[in-house]
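> Chain residues, written in single-letter form:
Number of protein chains: 4
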Amino acid sequence: MKAREVEFEGHLIDSMIFTKALDIILDLDGEFEILEFRVGKKKDDPSYARMIVFGRDDAHLEQILKELHKIGARIPDIEEVELAEAPADKVLPDGFYVTTNHPTFVRYGGEWLPVEDISMDRVIVIRDGRAYCIPIDEVVRGDRVVVGEKGVRVVPPERPRKSTVFEFMGGRVSSERPTERMIEAIAREIYELKLKGGKIAVVAGPAVDHTSARNALAALIRDGYVDLLLSGNALAVHDIEISIFGTSLGMDICKGRPVPGGNRHHLYTISKVIAAGGIKKAIEKGIIKDGIMYECVKNNVPFILAGSIRDDGPLPEVITDVMVAKKKMKEALRGINMVIMLATMLHSIAVGNLLPSYVKTICVDMNPSTVTKLMDRGTHQAIGVVTDVGLFLPLLYLKIKEIEAKE
Amino acid sequence: MKAREVEFEGHLIDSMIFTKALDIILDLDGEFEILEFRVGKKKDDPSYARMIVFGRDDAHLEQILKELHKIGARIPDIEEVELAEAPADKVLPDGFYVTTNHPTFVRYGGEWLPVEDISMDRVIVIRDGRAYCIPIDEVVRGDRVVVGEKGVRVVPPERPRKSTVFEFMGGRVSSERPTERMIEAIAREIYELKLKGGKIAVVAGPAVDHTSARNALAALIRDGYVDLLLSGNALAVHDIEISIFGTSLGMDICKGRPVPGGNRHHLYTISKVIAAGGIKKAIEKGIIKDGIMYECVKNNVPFILAGSIRDDGPLPEVITDVMVAKKKMKEALRGINMVIMLATMLHSIAVGNLLPSYVKTICVDMNPSTVTKLMDRGTHQAIGVVTDVGLFLPLLYLKIKEIEAKE
Amino acid sequence: MKAREVEFEGHLIDSMIFTKALDIILDLDGEFEILEFRVGKKKDDPSYARMIVFGRDDAHLEQILKELHKIGARIPDIEEVELAEAPADKVLPDGFYVTTNHPTFVRYGGEWLPVEDISMDRVIVIRDGRAYCIPIDEVVRGDRVVVGEKGVRVVPPERPRKSTVFEFMGGRVSSERPTERMIEAIAREIYELKLKGGKIAVVAGPAVDHTSARNALAALIRDGYVDLLLSGNALAVHDIEISIFGTSLGMDICKGRPVPGGNRHHLYTISKVIAAGGIKKAIEKGIIKDGIMYECVKNNVPFILAGSIRDDGPLPEVITDVMVAKKKMKEALRGINMVIMLATMLHSIAVGNLLPSYVKTICVDMNPSTVTKLMDRGTHQAIGVVTDVGLFLPLLYLKIKEIEAKE
Amino acid sequence: MKAREVEFEGHLIDSMIFTKALDIILDLDGEFEILEFRVGKKKDDPSYARMIVFGRDDAHLEQILKELHKIGARIPDIEEVELAEAPADKVLPDGFYVTTNHPTFVRYGGEWLPVEDISMDRVIVIRDGRAYCIPIDEVVRGDRVVVGEKGVRVVPPERPRKSTVFEFMGGRVSSERPTERMIEAIAREIYELKLKGGKIAVVAGPAVDHTSARNALAALIRDGYVDLLLSGNALAVHDIEISIFGTSLGMDICKGRPVPGGNRHHLYTISKVIAAGGIKKAIEKGIIKDGIMYECVKNNVPFILAGSIRDDGPLPEVITDVMVAKKKMKEALRGINMVIMLATMLHSIAVGNLLPSYVKTICVDMNPSTVTKLMDRGTHQAIGVVTDVGLFLPLLYLKIKEIEAKE
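Protein chains in written order, with UniProt numbering: chain G, 1 to 407; chain L, 1 to 407; chain V, 1 to 407; chain P, 1 to 407.
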């Protein structure tokens with residue numbers, strides 16, 4: 001039997017961390033004895049717990065401690081982080097540490113270094129005295145990579161307490177809730193975040209490209225509510241097809257019915273943009289006169305269009321190498337405080353994987369399974385709305401305008 | 001080898017009836033020889049076809065003719081319908097004819113009698129020289145029931161030709177179409193139907209009971225757009241809970257968050273209405289002050305609430321015997337020209353089964369599979385919209401008001 | 001400021017009860033001070049907590065205590081339950097207590113009476129010194145009904161600890177899990193429950209009626225694994241249609257393709273069973289020779305077929321009054337230890353509402369949203385499997401047979 | 001008023017081509033007069049129709065003819081195809097012809113050239129006297145590109161007539177059909193296609209990677225039923241994780257429950273394969289010992305893993321540039337007779353876009369909307385099965401083995 005003392009501090013009960021700790025120990029067939037347990041007597045007091053954890057042997061104990069570590073357990077005697085060299089590019093030393101999406105610190109040179117660019121399923125390297133969270137494919141030979149859990153501290157975000165829609169809905173999906181009220185609450189969150197100088201990214205799928213939703217997103221960009229647009233080839237092509245031909249995938253967007261020969265508009269649009277030298281040039285030349293991409297370019301809102309194997313064309317601005325696209329997305333997301341995901345599972349999951357746990361996310365999709373999947377990131381900073389994005393966006397824009405008018 | 005001559009008349013090619021006829025013959029391993037085929041030379045000319053159908057033997061030929069009959073084939077020498085007596089209540093003679101939902105005529109006494117109250121999966125009886133379509137459980141001993149296909153003529157509706165949303169979308173589901181445009185087109189259909197004195201039934205599930213959608217439906221009733229409401233216990237209870245407590249299933253409908261103890265409101269509502277002696281009395285006594293049921297009662301719009309095994313209570317007006325409820329629904333639907341089905345699969349399918357094929361139906365649901373199922377009634381008079389009914393209804397009301405203002 | 005002392009005992013942290021208690025107090029803007037908190041030092045030790053709860057005034061404090069009560073809080077000075085008379089049939093006294101689905105006790109005559117037939121959203125009456133949980137419509141004038149929370153004690157079930165699929169999956173949906181492994185685990189649960197003399201009810205929708213699934217369910221009944229079948233008219237009609245005509249809804253069940261004229265089989269089946277005098281008589285007369293209903297009758301497994309407004313016919317055994325059906329279902333479910341819900345949302349939710357929280361439930365449906373909805377009963381005794389019931393049942397039967405052979 | 005004579009030949013009525021022709025003319029507000037209409041008198045006789053089509057003016061007539069052309073209309077006086085030079089790489093001449101996925105011929109030098117590599121939404125270029133169907137991004141400066149519809153002939157496939165599952169289910173989705181019978185029919189199709197020397201490609205998503213389904217797919221590859229595997233990084237990583245760690249996304253695949261620290265296995269797997277130099281090398285070195293990728297390599301079945309922005313790693317064999325991946329997929333699909341799509345929307349749609357209309361496709365997914373979307377390719381050569389791929393694959397393998405044993 002091997003034993004080790006661990007301690008926890010924070011809103012232990014409120015955030016269910018202590019419950020999870022006991023669960024982990026029992027699920028792994030470990031034992032525990034609680035030495036001390038101080039619950040905060042008042043609302044804002046932190047709690048503190050100290051316990052001895054028992055394992056069958058060193059390996060078993062180590063396994064338990066690894067899991068406890070991930071939810072914030074501290075092993076009182078502070079040790080330096082353990083490092084090992086990467087033997088080749090993209091090749092990692094044995095037992096390398098895999099990151100969570102929570103804020104993380106490593107004990108290095110007697111100090112707690114914050115890990116920069118934290119996001120999940122990556123590794124930590126120390127370069128020039130700073131700790132970076134990087135994907136496998138950016139590891140270069142000789143990189144000093146963190147191995148094991150020693151000297152690594154994870155700080156899961158506390159549950160939001162003040163009265164916001166995130167606090168109320170945090171981590172849940174609203175398929176039974178009144179959609180219009182949810183949209184009002186989200187409009188308020190967006191408005192207040194922008195008031196405080198926050199930054200918002202929009203991740204959008206091609207379903208956004210029907211008249212009213214497209215116009216609403218274009219208006220949100222024009223009015224300064226969007227700081228970054230992440231999407232793919234299809235969204236841009238459909239958006240530009242509307243501007244050039246007045247059709248979306250060959251359908252007249254005003255009458256909502258197919259235009260004869262309209263299916264060709266899709267490829268004709270791509271060809272026109274390629275001939276012009278890209279989206280920006282096509283806007284300069286007056287070929288594209290309105291819409292989502294137009295407003296991005298005119299208002300200097302950066303956009304990243306990542307390629308997929310479904311793409312026709314693609315448009316010149318599309319980044320066809322997915323690893324390059326992913327890297328650019330990661331960089332562009334730095335400093336973003338909220339991400340609004342609109343009707344795209346692939347892009348939303350990809351972006352979700354690149355975000356730290358404290359970035360607020362709002363996921364909107366008609367399919368409840370998609371929303372549930374997107375929400376499953378172990379964070380209270382996400383809300384899911386199961387609704388029709390084609391009606392959601394115009395209403396969101398209207399609600400924001402109403403709030404603007406009132407304040 | 002047995003042969004028989006059959007003939008078809010109408011928009012044969014356009015409505016794919018001729019294609020189906022050949023399909024049926026070949027699927028059943030029959031043979032055919034076309035004797036005459038006149039295609040209408042202009043848009044509105046009917047076509048005419050005459051052919052010999054071959055079967056291996058009498059039974060095989062009969063089988064083929066049975067199927068051809070259902071899509072409108074006529075066997076030129078006109079025979080009287082064949083009748084047989086029901087040996088006991090609810091017991092049918094062998095080989096009884098099963099109805100489709102298309103307009104149907106029977107040759108009786110040398111005349112073509114229209115079959116009254118036609119709807120699918122029922123039987124035809126002749127009473128006092130008139131032909132009625134009735135369900136099995138209404139057959140009484142001695143009823144003269146139609147057996148076989150002889151002397152029965154089915155007239156499937158032609159595809160709508162003029163430029164309406166039914167012609168355009170007829171029989172299809174709009175999950176990829178711009179929702180807002182669809183709603184506009186539906187608003188126009190409703191407006192024009194009412195202008196011409198048409199009658200509209202609404203079939204609604206409890207998902208309608210969130211503030212804006214509920215208010216929109218109540219307003220549509222108040223403004224005379226609804227002639228009949230078909231629903232269940234839950235819709236009425238939630239609607240009344242909002243009126244009495246301001247909550248829906250215990251959630252504050254303005255703030256969209258649960259009210260402490262709110263889960264009790266559901267049963268308290270039921271209890272209050274029972275104590276008052278029913279919905280109508282509760283409105284008279286001023287207990288219920290607004291909402292869907294309130295507007296129905298105040299505007300003399302009939303409603304039928306059919307019971308289900310999920311019901312709490314139920315409210316006194318709920319018909320707990322499903323066969324009684326079904327019979328009342330069938331009667332109330334007589335003369336209805338359009339049915340709007342809102343977020344309820346059980347009630348929508350039940351109502352769909354009671355309708356002739358020429359009644360227009362609009363099905364709205366968030367789940368594409370539900371809409372597809374509801375559409376599957378062999379008619380071009382149905383359109384399906386995959387969207388959030390909570391946003392659909394307020395927008396529909398708005399669009400109708402815009403049309404009213406313009407005209 | 002008003003204050004009251006409350007206490008909790010049990011696996012407080014493990015079952016998250018303490019977390020919920022603090023949540024409730026803070027959500028309602030109350031305050032608390034923890035007086036004592038003893039965490040069980042070992043796995044099986046219960047925990048104990050005592051705290052003072054503060055409210056703004058009596059009403060506010062009462063509101064908080066009501067909510068705490070529902071999760072098991074005790075107010076140390078024990079008071080008798082408060083009763084009030086029902087002024088008329090189905091009419092309840094003000095402030096009546098609404099039940100949860102957890103085991104509940106009331107303090108009456110100085111003793112703790114267990115509330116019989118507990119299930120959610122009902123009321124408690126005291127009759128002849130015993131406490132009964134009954135629906136509103138069974139309340140009769142003069143019944144002594146529990147009002148308020150005083151003297152009522154709710155005991156939410158502890159989370160299952162031993163290594164079963166319920167412990168592992170408890171309260172979760174398996175859309176990402178290996179279906180075959182899940183089925184194996186469920187087969188073992190069923191086998192072991194029956195070994196111990198447990199009783200199993202099956203709730204089944206008509207989707208079960210395709211060859212292999214129907215045969216598997218019939219075999220499970222024959223082999224004694226089913227003690228009660230709850231379903232509707234459609235399941236029975238399709239099952240019997242297969243036995244009489246070899247078709248299901250007109251499709252040849254061996255070749256999987258429609259049989260000419262097969263759509264009539266549905267009504268012909270109903271007519272034959274009505275003519276025979278019901279399902280049992282039709283089996284006696286040799287009209288029905290195999291299948292689900294056949295095995296129920298032959299093996300004396302009771303079945304309840306509840307009517308719905310979609311029903312054709314219906315068959316004579318169908319209970320067309322939903323309140324009567326519900327009452328019979330409630331009675332039949334007494335003593336059942338596990339309920340398997342197969343591809344039917346309406347019946348599954350109805351049955352779920354009739355069950356105490358400690359009855360194990362297994363929900364199988366292709367639609368993840370349906371499963372999620374069915375699981376949402378505040379219990380760890382439920383598991384959901386998102387899969388095709390047509391493949392699930394044959395495999396389940398196979399796995400049970402493999403376990404039988406091994407043991 | 002402008003007029004032009006057109007003619008049609010083939011199974012016009014049976015394939016609904018004539019119906020569609022009339023629809024097109026009427027939808028575009030054109031007029032027609034039928035000059036001749038000969039229906040095949042016997043089952044296998046082709047039909048022939050000749051009609052005059054009227055348009056308001058040249059442009060209108062041209063528009064109608066364009067649409068008629070796409071469904072196979074011939075304009076009797078045969079003209080050479082019209083060509084125009086591409087002014088720059090990836091830049092197309094005005095009015096370029098956009099391909100369908102049906103077999104297509106162009107009239108060039110007095111002869112009908114078959115268009116090679118036909119698939120939808122591409123362009124046709126003439127190079128060295130041969131006609132090629134290529135995507136926009138492969139057009140090079142100076143390419144002679146087909147413009148307009150003149151001299152282009154499209155031959156939509158006739159509906160399958162012999163009694164196969166494709167004939168029966170062609171173009172439809174089986175959510176109400178008995179799954180087990182469908183699987184049997186598909187097993188027979190696969191077996192017979194391989195007997196005749198046909199080639200089968202499998203497109204698979206990561207949901208396949210649960211024990212039984214993975215083992216079944218591996219066995220199908222080993223037994224020679226798969227000639228090409230198209231997938232992404234995730235499928236390969238999970239498959240290899242099972243081989244190395246016995247877990248899939250950190251879950252024990254035998255017990256179906258998470259393994260402590262198992263979430264790391266995902267990245268550890270990627271790292272091990274990168275370190276080995278790729279999948280093939282890792283198999284050679286004995287690191288990977290079984291599974292889908294193992295069988296591909298051991299049995300020389302080519303595989304293409306296309307990258308996506310969700311990918312971790314990725315594995316060295318993954319093609320991260322989507323346009324390169326797409327081109328390789330197109331090449332590999334040459335000569336494939338059947339494609340089985342398993343639980344992946346992105347890859348299935350991408351592959352569907354690369355296929356000619358006569359390649360048989362079988363789409364399996366749990367989500368009915370996904371299957372419906374995949375089927376929507378205007379072909380009768382597709383069948384969709386809504387079921388659980390985790391149970392589908394083992395059963396499919398079993399059924400194929402049963403057929404093998406019998407024959």
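Since the hints were derived computationally from the structure, they do not count as laboratory data. Some hints here could point you the wrong way.
Since the list gives no way to pick one copy over another, a pair counts as held whenever it fits inside one copy or between any two copies.
Here are the simulated lysine to aspartate or glutamate pairs, EDC-like style, with alpha carbons at most 20 angstroms apart [as the list claims (entries may be wrong)]: (1) Lys280 / Asp252; (2) Lys285 / Asp227; (3) Lys90 / Asp321; (4) Lys150 / Asp94; (5) Lys150 / Glu9.
For clarity, every value in this text was computed on a predicted model and none was experimentally measured.
> Compare the structure with the hints numbered earlier in the document and write down the numbers of the violated ones, lowest to highest.
1, 2
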